[in-house]
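Participant: Using the sequences provided together with the hints, build the complete structure.
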Amino acid sequence: MIMQQDILIAFLLTLFAGLATGIGSAIAFFAKHTNKKFLSFSLGLSAGVMVYVSFMELLYHARHQIELIKGDKLGDTITALAFFCGIAVAAMIDKLVPSVENPHEIRSVEELHSDTRKEKKLARMGLITAIALAVHNFPEGIATFISAVQEPKLGIAIAVAIAIHNIPEGIAVSVPIYYATKSRRKAFWYSFLSGLAEPIGAIVAYLILMPFLSPMLLYCTFAAVAGIMIYISFDELLPAAHEYGEYHIAIYGLIAGMAIMAASLILLL
5 MIMQQDILIA FLLTLFAGLA TGIGSAIAFF AKHTNKKFLS FSLGLSAGVM VYVSFMELLY
65 HARHQIELIK GDKLGDTITA LAFFCGIAVA AMIDKLVPSV ENPHEIRSVE ELHSDTRKEK
125 KLARMGLITA IALAVHNFPE GIATFISAVQ EPKLGIAIAV AIAIHNIPEG IAVSVPIYYA
185 TKSRRKAFWY SFLSGLAEPI GAIVAYLILM PFLSPMLLYC TFAAVAGIMI YISFDELLPA
245 AHEYGEYHIA IYGLIAGMAI MAASLILLL
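So the sequence shown is numbered by the working numbering: it starts at 5 and just counts up by one.
Since the hints were derived computationally from the structure, they do not count as laboratory data.
Remember, it's a predicted structure, so these values are computed and weren't measured experimentally.
Have a look at the derived ranges for each label pair, beta carbon to beta carbon:
| # | residue 1 | residue 2 | range |
| --- | --- | --- | --- |
| 1 | A92 | D10 | 24 to 32 Å |
| 2 | I13 | S187 | 33 to 41 Å |
| 3 | K99 | A30 | 26 to 34 Å |
| 4 | L271 | A30 | 25 to 33 Å |
With a cut-off of at most 27 Å between alpha-carbon atoms, the simulated DSS-like pairs for lysine-lysine come out as follows:
| # | residue 1 | residue 2 |
| --- | --- | --- |
| 5 | K40 | K190 |
| 6 | K40 | K186 |
| 7 | K157 | K74 |
Beta carbons: idealized from backbone N, C-alpha and C, even for Gly.
Facilitator: Given below as structure tokens:
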């Protein structure tokens, strides 16, 4: 039985993950130079956490439970379909967002001082990026909330990973808006509000999805969440980590993320 305390914790984890965009805004405002090696390592770290949790916990747990309900062969088939449906959903969202306004097209702090773009164009870019980020964050909020309610240790891992990768997304929103308006307050609030899409996703999950969340649907959701996180890792985080630092730094971050998450999950068992 799900306790009210579990729901509160799941919501707070989702809120924490979403509001990490504000950290990105602060970095853009107060840092004179982008620490590309640190950013590259952090993105690799987030990818490592997501990849490890997806394959070793979410997908494994989903497959085991669905096999118990549907049998080995049908259970494997359903798990695979749910996993690739998650990938398809993530890919579809990315496809609908133009690459120029995509929040995963990370911009550096140095672009605050660029004078190569017109202010109106920058303002539009920032607004569309904020909307795109909200679209990306909404299903992430649903995934974080449902996972945290059912499996708190997985919820913590997912929330931390999403929070890390939301930091550069906060930079992507705040940089163009700040340069266009010269207002730190406006840039911060647009970034902050786009991050609120994750707790809104949690509220939708609680009010609409939870009443219909049978064991079968729950474990299919776990497999789909694994697919979403794998897509984010391989299509967004790792390419960005490679772009902003040396290749090996991103790989070191990836391995470190896997190792940290493996140790954390062992301690949480």
